[in-house]
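Chains as they are written, first to last, in the numbering used here: chain A, 38 to 351; chain B, 38 to 351.
Just so you know, these hints were derived from the structure itself, not from any lab.
Take the hints with a grain of salt, since some may be wrong.
In this list, chains with the same sequence are indistinguishable; a pair is considered to hold if it fits within one copy or across any two.
Stated by the list, open to error - Below, in silico cross-link-like pairs of lysine to any residue (SDA-like), each with a Cα-Cα straight-line distance of 20 Å or less:
no., residue 1, residue 2
1, 254, 304
2, 93, 331
3, 93, 321
4, 192, 324
Below, each chain spelled out in residue letters.
Protein chains: 2
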Amino acid sequence: MAPERGLDLVSRRADSPLPEGSGPCPFCPGNEHLNPEEIAVAPDGDAWGVRVTPDKRPLLRIEGDPERRAAGMFDVMNSIGAHELVADTSDHEVAWADFPRAHMIRLLEMYRARTVDLRGDRRFRHVFVLKNHGAAWSRYVHAHSHVIATPFTPKRLEEELAGAREYHRMRERCVFCDQLSEEIRAATRIVARNDEFVTFTPFASEYPYEMWIAPVKHAADFGTITDAALAPLADLLVDALARLRDALRNPPYSVVLHAGPLDGSDRAEFHWHWEIVPHLGHELGMEWATGIFSNPVPPEDAARLLVAARPMPG
Amino acid sequence: MAPERGLDLVSRRADSPLPEGSGPCPFCPGNEHLNPEEIAVAPDGDAWGVRVTPDKRPLLRIEGDPERRAAGMFDVMNSIGAHELVADTSDHEVAWADFPRAHMIRLLEMYRARTVDLRGDRRFRHVFVLKNHGAAWSRYVHAHSHVIATPFTPKRLEEELAGAREYHRMRERCVFCDQLSEEIRAATRIVARNDEFVTFTPFASEYPYEMWIAPVKHAADFGTITDAALAPLADLLVDALARLRDALRNPPYSVVLHAGPLDGSDRAEFHWHWEIVPHLGHELGMEWATGIFSNPVPPEDAARLLVAARPMPG
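The following block holds chain A by itself, in its conformation from the complex (with noise of 0.2 Å):
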């Protein structure tokens, strides 16, 4: 429960998007006292390129104890976990598909180093970092992001990890590895690569114009990415936002890291990918009435849409 965060649920419906608020952008350089709480920067020139503070109305809070408990029948415990929000750039205009290389390096380095450090802290057992852009249900245009800790296996990726570790018990294999090897050789659903990664329209994808970036060569930490592999990601990211713009007119859109327990077990299950899908308004009263997702465009016909969106990069 976010009480705090719904204050003005009702007039901010989808229908109606929210203006931009009247007040000053928290994110903006000259902006610093309304996040005074500092908890990493990343320095670019004299000035800072990346900063990342608490979220004011965190979904999880850092202090505290779960303190499972029963609430008569049900089960009630309190929100711990890290809820840190990304100031992505200094720059009050520019979004992730157009940041020039060396910066999404530096962001992808923060976002290593927040899972890095947040990995000392011995009750998270994992780290997404999560970017909206664009839609309604944003409250700010400048570009930021998520990065949370959660001391419980979320359910997706429960349902994530618990299908990996029954294709590894039969077949002693990395299901995402086979995925990508059969992605690859098929050929048919493959947006852009290079040597380390390949952008992807999943088989039988969940919603229309999924993309999935994944190193091509089995890593199950993201927070262990090295130096030289931080470029090629930083590519094929901007790349993909980059087609994402082009091909369905800047919709909106959510990025996802799933980065992989950070205890080091699963190690040769798990295997650390960015997931993305625009938000196209298709209907969503079967997916949340029975679960059956139902995708109008083929990944296919999507990657195709996407590879003549514009070169290749690189």
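Fit chain B to the supplied structure of chain A, relying on the hints for placement.
Relative to the frame of chain A, chain B by itself:
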């Protein structure tokens, strides 16, 4: 994959609600030739009051075999099932929230009749009724709904059933019955009730203003609802949607009936119920990224607002 449903996806973005089509309304009397294959009708005097046809762009197709097979390392099957389209009324303008009691009973009778009829096809395991109202992704203003039968247990039902079975195994009681007792005892999340049914905002519900309507007495199979129970159920359904409309300025919403396993399994464990969620444009990125739901409106607050919106029914 449903490619025929995605033709105009990019032009139908949530930020540009679809203007109503220029063609004749396929649900209005006089236009029956647009959906010639009639499955069932309920009369209203000399005319029809409710009319059921196959969906022209079905998510699931009635003919054929699932033909489960491999595609490289992946598994595929044909989308077999029933997907029926219901004209909820012959009146182009009237919404469920304004249905007269007699007409809501007529519609519920039709859902019961379709459930019983689809049970005759031994391939089918579950029936759902899905109703979307007013969202940008609804192509038609005229009130309509979907009756869907699946030859498999969709994921959300599987989760509901798995929890209910585990609870029953431990306590030999229906978890929904216990939940209803607890909700009625706590009384802080009750929106409306009568002798047969109760409307409530469930403890720790996933969505803001989510409501459930369930029979107070254990009942696993909507197909066996008695004639006498139709009126009190109709009253609470209309009442709940009128409250949403009044409390939240006529939001878009979805309604689903989880009708219970068609083959009579889980008779002691399952409990049929309706679920209602308004679409308020709150943040979806976290839910998609992690499976963590963050509800900005505690159900106790939602219940208070919904109760205050209008007098109690009856």
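Each hint, compared with the structure:
no. : hint      : in the structure
1   : 254 - 304 : within (13 Å within a copy, 49 Å between copies)
2   : 93 - 331  : between (36 Å within a copy, 15 Å between copies)
3   : 93 - 321  : between (30 Å within a copy, 19 Å between copies)
4   : 192 - 324 : both (16 Å within a copy, 10 Å between copies)
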